[in-house]
Structures are given as C-alpha cells and as structure tokens.
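Chemist: Sequences listed follow chains F and D, in order.
Each residue of the first sequence is one higher than the one before, starting from 1 at the first, in this note's numbering.
Each residue of the second sequence is one higher than the one before, starting from 1 at the first, in this note's numbering.
Mixed in with the good hints, there may be bad ones.
With a cut-off of at most 20 angstroms between alpha-carbon atoms, the simulated SDA-like pairs for lysine to any residue come out as follows [as the list claims (entries may be wrong)]:
1. D:K398 <-> F:T299
2. D:K78 <-> F:M177
3. F:K398 <-> D:E390
4. F:K398 <-> D:K347
5. F:K176 <-> D:T299
6. D:K398 <-> F:P345
7. F:K310 <-> D:I396
8. F:K405 <-> D:D203
9. D:K310 <-> F:M177
10. D:K79 <-> F:Q403
11. D:K386 <-> F:K176
12. D:K176 <-> F:I51
13. F:K398 <-> D:D399
14. F:K386 <-> D:Q403
15. D:K398 <-> F:D314
16. F:K398 <-> D:G273
17. D:K347 <-> D:G273
18. D:K178 <-> F:R77
19. F:K405 <-> D:Y175
20. D:K234 <-> F:R407
21. F:K291 <-> D:G273
22. F:K176 <-> D:K178
23. F:K178 <-> D:E44
24. F:K398 <-> D:K78
25. D:K178 <-> F:M177
26. F:K398 <-> D:K386
27. F:K398 <-> D:D314
28. D:K178 <-> F:S48
29. F:K405 <-> D:D204
30. F:K380 <-> D:N50
31. F:K398 <-> D:Q25
32. D:K398 <-> F:K176
33. F:K310 <-> D:D314
34. F:K78 <-> D:K178
35. F:K176 <-> D:E390
36. F:K347 <-> D:K398
37. D:K178 <-> F:F326
38. D:K78 <-> F:S179
39. F:K176 <-> D:Y346
40. F:K398 <-> D:D204
To be clear, the hints were calculated from the coordinates, so they are not data collected in a lab.
Protein chains: 2
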Amino acid sequence: MKNLLVGQSGGPTSVINASLAGVIQNGIKSPEIGKVLGTVNGIEGILSENIISLDHFTDQDITLLKQTPSSYLGSCRKKLPDASDDEAIYKKIFEVFKKNDIGYFFYIGGNDSMDTAKKLSSYATEKGIDGIKIIGVPKTIDNDLVLTDHTPGFGSCAKFVANSIRQLYLDTSVYKMKSIVIVEIMGRNAGWLAATAALANADDIHPVDILCLPEVVFDVDKFVDKVSEVMKTKDTTIIAISEGIKDETGRYIGERKDLGTGADGFSHAALGGAGRIVEHLLQSKLPEKIKTRTIEFSTLQRCFSATASKVDVDEAFSAGFMAVEFAKEGMTAVMPGFKRLSSNPYKMEIVPFDVKDVANYEKEIPKDMLSSDGFGVTEKFIEYAKPLIEGENPIIYKDGLIQFKTR
Amino acid sequence: MKNLLVGQSGGPTSVINASLAGVIQNGIKSPEIGKVLGTVNGIEGILSENIISLDHFTDQDITLLKQTPSSYLGSCRKKLPDASDDEAIYKKIFEVFKKNDIGYFFYIGGNDSMDTAKKLSSYATEKGIDGIKIIGVPKTIDNDLVLTDHTPGFGSCAKFVANSIRQLYLDTSVYKMKSIVIVEIMGRNAGWLAATAALANADDIHPVDILCLPEVVFDVDKFVDKVSEVMKTKDTTIIAISEGIKDETGRYIGERKDLGTGADGFSHAALGGAGRIVEHLLQSKLPEKIKTRTIEFSTLQRCFSATASKVDVDEAFSAGFMAVEFAKEGMTAVMPGFKRLSSNPYKMEIVPFDVKDVANYEKEIPKDMLSSDGFGVTEKFIEYAKPLIEGENPIIYKDGLIQFKTR
Chain F
1 MKNLLVGQSG GPTSVINASL AGVIQNGIKS PEIGKVLGTV NGIEGILSEN IISLDHFTDQ
61 DITLLKQTPS SYLGSCRKKL PDASDDEAIY KKIFEVFKKN DIGYFFYIGG NDSMDTAKKL
121 SSYATEKGID GIKIIGVPKT IDNDLVLTDH TPGFGSCAKF VANSIRQLYL DTSVYKMKSI
181 VIVEIMGRNA GWLAATAALA NADDIHPVDI LCLPEVVFDV DKFVDKVSEV MKTKDTTIIA
241 ISEGIKDETG RYIGERKDLG TGADGFSHAA LGGAGRIVEH LLQSKLPEKI KTRTIEFSTL
301 QRCFSATASK VDVDEAFSAG FMAVEFAKEG MTAVMPGFKR LSSNPYKMEI VPFDVKDVAN
361 YEKEIPKDML SSDGFGVTEK FIEYAKPLIE GENPIIYKDG LIQFKTR
Chain D
1 MKNLLVGQSG GPTSVINASL AGVIQNGIKS PEIGKVLGTV NGIEGILSEN IISLDHFTDQ
61 DITLLKQTPS SYLGSCRKKL PDASDDEAIY KKIFEVFKKN DIGYFFYIGG NDSMDTAKKL
121 SSYATEKGID GIKIIGVPKT IDNDLVLTDH TPGFGSCAKF VANSIRQLYL DTSVYKMKSI
181 VIVEIMGRNA GWLAATAALA NADDIHPVDI LCLPEVVFDV DKFVDKVSEV MKTKDTTIIA
241 ISEGIKDETG RYIGERKDLG TGADGFSHAA LGGAGRIVEH LLQSKLPEKI KTRTIEFSTL
301 QRCFSATASK VDVDEAFSAG FMAVEFAKEG MTAVMPGFKR LSSNPYKMEI VPFDVKDVAN
361 YEKEIPKDML SSDGFGVTEK FIEYAKPLIE GENPIIYKDG LIQFKTR
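One chain only, chain F, in its complex shape (with noise of 0.2 angstroms):
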C-alpha cells in the first residue's frame, strides 16, 4: 500500500487550503492510500526532506483549514530546471519519493506547478519509473490557466474586490461634491481579476464605469476623455485599474514613472503602481479638479477567506477531492479542471486535463468579453463570473478572531 504526498506551490489563495483539505480528506478514507504526508513549502520540502504527516486530521481541522487563507503547508517558488540541464535534483526528488513509498503526488498551484507536475511525470516516463501517479491541482487568483473554464482562487478574490468596492462607493459618494476612486487590482498579464470589478453594479448602485485592463492598450488621451464623459452626468464613480495594464510599447504604465511626475519635479509614484500613476495622470489632466483617492487591494485580496465565495471553496474542495479519485483511477500527469455545463443554472463538471496541454500557457480575456470601447466588459463576461461569486461560506470566529488550522 503506497502513501501520498501532498503540496503547496506560488502565491496564496484564499482557498488553496480548500483543495489541500480535499486531498487529505480523500486520502485519509481510501483504503488503497497508506499515509497522508505533506511536503513543507513544496518541492524544497522534498530536497529537503520536510515532510510531515497529515493522518491526524479531524473533520474540525478540516473545516477549519478550509477558512485558512494562504499554504498551510508553506510555499516555494522553484521551477524546475529541465531534466537534461540537472538530472540531480530529479534523482534527488524520486529518491525521497521512493524513500517515504509514495504512490501518489499531489501539487496545488499555479502554472508552474503544473510545470513540474508536468516535468516529474515526463522524468519518470522517460526513466520507466512506475507506481507514483502525479498530479497537478489548479489554484490562481489571476484564472489564466488554459482549457479549465477557471481556477480555484479567483472566485473568492473577485467576490472580495466586488463587494469592497461596493462598500467603497456609498463610503466615497457621501459628501455632496464629485469623487474619484481609483481601485488598483491584482494580475499582471490578464485582467480577469479586475475586470470583476464590473461585478459589483447591481440593480441597486452602478459603482464602476471604467476598466482598465492589461489586454487593452492603455491610451492617455482616451482614458482621460472617457473619464471626462462619465464625470458629465455622474458625482461618484470608480475606475478600477488592473496592476498590468500597458502602454502602446508594451511598457507597464506601473513602470511609467513619467507620467506620475509632478509639478515639482518629484515621481510621486514611484513606490505605487498603476493606479497612482493614473490618479496623478487625471489630476493634471482633467479640465475640473475632483477628489480622487487610490486604493491598492494588495495582497488582502487574495487572503480575504472571511468573506469568500462559497461556490469556489467547494470547488477548490472539490478539485482536490477528485485529484485524488483520479489518481486512484490509475491516472497521472492530469490536472482536475472545470468544464462548464451551464452558467444559470450553474452546473459545472470537474474532468481531468493533460498538465502538459496546460503548463506554460496563459489565458487572456477573449475579446467578446470586452466591450468595444475598451473600457468595460460585455454581458457574456458577467454571465460567466456571476456564479463564481455566489455563496457565502460560513466562518467559525472565536472573540471576533477568524479561526485557522495552522502547523
């Protein structure tokens, strides 16, 4: 009877615990799995040798560490070299595998992840190593992993940016005079995250007006008229900026200290990105003054687990739980995605991907989802966000205090 090995790579989520939770729930009630170990901050805990045992988990440590934001068990940021530049450290890592009789490895993460879950399965192929099935379990905010409908992380994030944003606009809008907010949201390379953004206009209040997303070049001179135009009929709105918007040149504007440069000669924007640089842009550029005010979500946006979204911590749940049937199945070098059934209702199906048709690769917004003057999003984009968002999953407090299952 062989055991399993479970870890965490790349920035946390709020729900990346969800899927560890998944894995070990699974992996504790089949018989067919030995022990349920656990590598400290990913591959370097099996360099290292850092692994520990996750076989005591009660169903309460599991409900718990499905409310506990980031990697329980640590993260890393290695990736792997290729096999043919440094076998060492591949010898190293199946010789450890070997070492603790692992049958099963788990890696919850990012693209990267799915690069070495990819790069380990190739190896043993390659070497003819047998009986370790290794599988990839997807988790990003940014939800740019290709061929899964969207990935375990970002539905939480996009539920906490629509609903601060929410609150933000009635705290913004409370003085009888015109208001900027300028949102500033994570993703480097695909705006899905800010474009949730557009979640929070609702029947009730129409907070947001503007997106600025990396996909769409970002032009001063129509930003600033659209900005205009919308301050025409409007005392409030908010502009949310994506972190990776880009200049014609393909220059982050976050790096565009010029433009933040002020009449006193100073960059006021060098440590602030984005949107700094865009507040500064409209103060000295648009034909009235309006208050404008920057926030950066920074990272409280990817660990906000006190207000997630129900649906994606099931899912997350849910992806680990089935990376681990899969394996039982017999399979390896898969990654449990999402394939999208229906969106209202919203029914959704989790089926195993080739990691190597999913490593390496980025998903941008399709451009029927942006709205044609580059500013906003269409309906088709709403459609499919919307349910990601929905639920609320419940929180055990203790004296006010979110409650975590820590090591």
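Chain F is fixed; fit chain D onto it per the hints.
Modeler: Below, chain D without anything else, positioned relative to chain F:
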C-alpha cells in the same frame, strides 16, 4: 404632536446607519412622535430644505440599513459658526425646524456634530425657543470622544484591522524567507485604532510585534533597533503604523518626505503616507535586506460592513434608539454614551452625557494602556478593546453581493 428630524455628519463608518436605524425604528413606533424625517447631507439639508420622509421604513429596510456602510442620508463637514458671528444661519435652521414642526432633532456624528448639537441647543436656550429636544448620537472610528467608554464604529473598524492582519500574516509567511508587512491604519491624533492591531495576536498566531502610535514620539533609531531585535527571532512580522505618528518636533512622519528619499534622489513616498516612509526607512537602515510591503487599509477599514462586529452594530442601533428615549423623557443637549459595567462578562449601560462636556475634546490612549518601550499596548488595553469586536452581524447577500438600503 411634534415631528422628528435626523441627520448624519462627518466621515463614514460601518455602523453610522445602524444608529440611524435605531432612531427611525423608535421614532416610527412612538405614538407621541409625528412624522419621522431625515435631512440630506446633515445641516446642509436643513439649510437647503432637502428633507425627506423616513416613515415608510419596514423591518426589512431597518435590517438592510444596519448592514449598509456610510451615511444613508449623506453627510457634510460643515462646522457651525458661533451664533455671535453669524446668527443668520441659526435663524434659518430654527425657521426650518418650525416650518416642519420639529420637536426632536438627532444629529449622528463625531466631535464636530456634538459641537453642532451643543451650539443649536445653547442658541435655543438663549433665545427661549422651547419645544425642541436636540440630541447628539456618537459615531467615530477614531474612538476619541471623551466621557463615553468607546464610540460606535470603532469596534467594526478594529475587527477589520485585526482580522485583515491575521489573514495577511498567513499570506506573508508562506515562503521560507524573512518578511515584514507594514500596515498603515487610520487615526490622525489618537492611536486607538492602530492599537487594535494587537488584537490579531492570539493563542494560534502572533502576527504583530510592533505598534507605532501618535501617543508616542516616533524615534527613528529606537524603531530600527526594535525591528532588528524582533527579526532576530522571527521570520515574519506585521508592523502596525498609525497614519498620525509624529517626530519629536510634532511633525507628522507622513509629511517627512526626507525620510523616504531614495538613493536616486527621488522622494519615494510623496504620495504615500507614514507607512511607505517607514518602509523606505527600514530598507535603508536595516542591517540585512528583508522583503517589506506596505498595505494601507485606507477607507476600506471604515466601510467594510461585511465583517462588522455584532456588538458594535447592536450598540450603534441602541445609541440611536436610546437617543429617542432620552428625548421623549424630556432631555435635550445630551449624547447617549456608553458606561462600562464590566469587561468580562462584557456589560455596558447607555447613559446621557451633556454634549457640552463632549464637544471639542479628544481622548488619547491613557498611559497605562501603553507598554513601557513605546511599541505596544498593555493587557489593560486588550481587556478594554477585545469585547468590542465580538460577534458577527449576519449579512444578507444576493448573488454574492452584500445588499444595501439606499436612497
């Protein structure tokens, strides 16, 4: 039968509408009170006669209002002049009161609003205008009103601060490396709110080791020594900085752009506040390079109703409700405030304070709540603040979005 008029003033909080809900609910159910009216944008709405009916509020409206951040009636920052300098404005206000047959006026706000309540009631007394009860209802996230044990709005903001820090701590401690997160917290003159960062420390994790509060002079060398000392034994720490910290000359650190000037001669902190300046200080002065990130909670901390403290919401409601009770009992020129009977179990009584004794005073954190090294709080502060973040206000969502009562 006289009518009731209510207004809101000053900066938004998560629960200022809960106080409004308390006033409206008691007003509607009181047979001795006629119409329940609201003035839009505080005193400005009286001057422009922008007065709306609130009589139609249902129980469902009240429930939604209690989870709607910011001011339902809108706000203003108008401070009344002395009647001896500008009597016209007083004449106008009392003329509008008379025209609308107002017998009860409630003004929900912070220090300036208590000043307004004081001035209006003094003017009424001087001029022999009777038949109108004028009551201030406290709110401020800053918790700096005197006499009252604490202020509505503070607890929910503190809860956001403490829980955000707990989640950020897990997020930042995920890699095997040293890292610091600086969180900048609101509070220009008093450190109450920044001090609540210490509530994040519990049996499971201890994120916060250093607090920088306006009550203690910010000494660069002492601060750098303290951080060095902490980082000797810890991989990750959160430093909580009040936006209002000052140097030995009383200048705000957030204005000491010289401290944030980098090797390139640019001021890297010109648009940021104290947090980014302190980040830059650490980068240039710490003996080892430590990954440091600054997060400004900005206005999100005062409007994040989704995780409001139930104690705070309920108390804010009660303050509004009791304000109407006091008025019905014949009181005027008072503010319902909190008198603590016991911290454990938490017992609070709502009592009337004279607005004259509240307006224009500010309450700093007392010395015995500050630790001797100047970088923390004592157990006395924890005992004081802990009950205020207790309990979760149940939130109504629709399609994943927090629902509001809006005008």
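Chemist: Which numbered hints does this structure break?
Modeler: Structure breaks hints 1, 9, 10, 11, 13, 16, 17, 22, 24, 25, 30, 31, 32, 33, 35, 37 and 39.
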